[in-house]
Amino acid sequence: MTTHPRSPAAGLLQGARCSRCPVAVYPADSTCPRCGGPTAPAALRGGGTLWTWTVQRYAPKSPPYVEPPGGFEPFALGYVELEEGEGVRVAAVLDVDDLDEVRIGMPLTVSAGDGVPRARPSSRTDEEEEEGS
Amino acid sequence: MSSNDVLICGAGRTPFGRAEESGRQLAVSAVNAALADAGIPWSRVRAAFGGSDSAGLADTLVAQLGLIGLPFVNVKNGCATGGSALVSAVNAIRSGMADVVLAVGFDKHPRGAFDPRPEDWGLGEEYGSDGLMVTTQFFGMKIQRYMHDHGITPQTLARVAEKAYRNGGLTPEAWRRKPVSAAEVLESGMVSDPLTRFMFCSPGTGAAAIVLCSPEIARTLDVPATVTLRSAAVRTRRYGSFEVFSPSIPGGELTSVSRDAARAAFEQAGIAPGDVDVCQLQDTESGAEVMHMAECGFCEDGEQEKLIAAGATEIGGTLPVNTDGGCIANGEPIGASGLRQVYEVVQQLRGRAGDRQVPGGPRIGFTHVYGAPGVSACTVLSH
Numbered sequence: 001m002t003t004h005p006r007s008p009a010a011g012l013l014q015g016a017r018c019s020r021c022p023v024a025v026y027p028a029d030s031t032c033p034r035c036g037g038p039t040a041p042a043a044l045r046g047g048g049t050l051w052t053w054t055v056q057r058y059a060p061k062s063p064p065y066v067e068p069p070g071g072f073e074p075f076a077l078g079y080v081e082l083e084e085g086e087g088v089r090v091a092a093v094l095d096v097d098d099l100d101e102v103r104i105g106m107p108l109t110v111s112a113g114d115g116v117p118r119a120r121p122s123s124r125t126d127e128e129e130e131e132g133s
Numbered sequence: 001m002s003s004n005d006v007l008i009c010g011a012g013r014t015p016f017g018r019a020e021e022s023g024r025q026l027a028v029s030a031v032n033a034a035l036a037d038a039g040i041p042w043s044r045v046r047a048a049f050g051g052s053d054s055a056g057l058a059d060t061l062v063a064q065l066g067l068i069g070l071p072f073v074n075v076k077n078g079c080a081t082g083g084s085a086l087v088s089a090v091n092a093i094r095s096g097m098a099d100v101v102l103a104v105g106f107d108k109h110p111r112g113a114f115d116p117r118p119e120d121w122g123l124g125e126e127y128g129s130d131g132l133m134v135t136t137q138f139f140g141m142k143i144q145r146y147m148h149d150h151g152i153t154p155q156t157l158a159r160v161a162e163k164a165y166r167n168g169g170l171t172p173e174a175w176r177r178k179p180v181s182a183a184e185v186l187e188s189g190m191v192s193d194p195l196t197r198f199m200f201c202s203p204g205t206g207a208a209a210i211v212l213c214s215p216e217i218a219r220t221l222d223v224p225a226t227v228t229l230r231s232a233a234v235r236t237r238r239y240g241s242f243e244v245f246s247p248s249i250p251g252g253e254l255t256s257v258s259r260d261a262a263r264a265a266f267e268q269a270g271i272a273p274g275d276v277d278v279c280q281l282q283d284t285e286s287g288a289e290v291m292h293m294a295e296c297g298f299c300e301d302g303e304q305e306k307l308i309a310a311g312a313t314e315i316g317g318t319l320p321v322n323t324d325g326g327c328i329a330n331g332e333p334i335g336a337s338g339l340r341q342v343y344e345v346v347q348q349l350r351g352r353a354g355d356r357q358v359p360g361g362p363r364i365g366f367t368h369v370y371g372a373p374g375v376s377a378c379t380v381l382s383h
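Those protein sequence lines, which keep their order, are chains A and B. Counting from 1, one number per residue, gives the positions in the first sequence under our numbering. Counting from 1, one number per residue, gives the positions in the second sequence under our numbering.
It is worth saying that the hints were derived from the structure and are not from the lab. Take every hint as true, because none was put in to throw you off.
Not close to chain B: a few residues of chain A, all C-beta gaps over 10 Å, as computed:
#1 Gly47
#2 Gly71
#3 Asp95
Short derived list, chain B residues pointing at chain A, Cβ under 7 Å:
#4 Glu126
#5 Tyr127
#6 Gly128
#7 Ser129
#8 Gly131
#9 Met133
#10 Val134
#11 Gln137
#12 Gln144
#13 Ser192
#14 Asp193
#15 Pro247
#16 Ser248
#17 Ile249
Just so we're clear, the structure is a prediction, and the values are computed from it rather than from any experiment. Each residue gets a CB set at the ideal place from its N, CA and C atoms; glycine is no exception.
Please work from the sequences and hints to get the whole structure.
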């Protein structure tokens, strides 16, 4: 499908798409990593499935890591394979309630925010929204 | 023997681990050991290539080795530093630039080294502040997907580490020499799922050096016990590979720089993976050794599960892998690792590997390094 570039909206991943080959990149870059050609900005839709994951079990070295206000808690991270022909897997912190429930293939929705992309399990509402869009 | 052949006439290494000496001092020790092994004086060396990632410039070693006026080129190529130095040395001989050439690699990393900064990788600072600039995450995520696709179990990862420590115990210069059981490996604490603490190598200190020469010079100088370097190849990643610190990776089937470098090395040598009697594969952690067995062409994806359980990669197995304990037991001084591998295979092919000698007189050896940001160097050696 074609992703309609829209004005930067909360949640959409601001990536880029090559003008010559079917390559999408995140974050946006001015050149295509495959052919070196020019790219155009593209908002990538965040629906997808978990391609791989791990858990950060100990606090990363600080700096550069900044501990959250409540202190370090182990967190999951992974790559989400975006659906709908985006052809790209995006690194994200996984906002899951239970680290033991993380599985390859689980449906997730990635969204952009202040920090790195974050992914949370797709709810029924998300899926309906995607179908309706 | 083809006219392109280059001979390894001397090999030396220092103990790896923690050391009082500087990286440069260790490099001088390794070079002198390699020269003594070859029976060639420093004054007879006509060109040198070498480097470290973070322990200084190799060309300054001439102050301690002797100021003899030879060209000495610094190499800085991440984990492929040793391999790139070796390829440069090979090409110097093949081109006629020099007939006796040194390759040296060394490093000294403090405990818990490798503190990458996001800006050095072209990433936004949020990748650092949110905790994604951690190398072990990449290794965990790559083997996690591989295990899912190809049926590799945590037990197999543990067996790889168990073998590394067992072989380290047979290697006087190794860092980790105490045996660790597979059960202890699994219970050593999760670092980056599915990889536990004892499955990882540690940044460390050490040096290794190789002296190479042309076949004519080997005859003239009456060098004992040479090994033929059949090929040496270095490659960088192609589009579609999965590397450390990637904010996104392409969809579809992954490409592999290790697969590319290994294939090039085997093609240049006219030798197939099935001909190899002993090999060294980059084992930054257990999962890397498992995946590199397939990426370098030694088995199909997924066959490792049965091969490792059957002992195929043990010293007495059908394909001994990392007979000196690899990176897991030797640690990782980045600049030195690639040449440590060559040192070990040279010892094996000469039948001088002591307690860890592969039985039956191995004739063909292979080495493989892999590192960030997607670089690999491979060699094929024969005796």
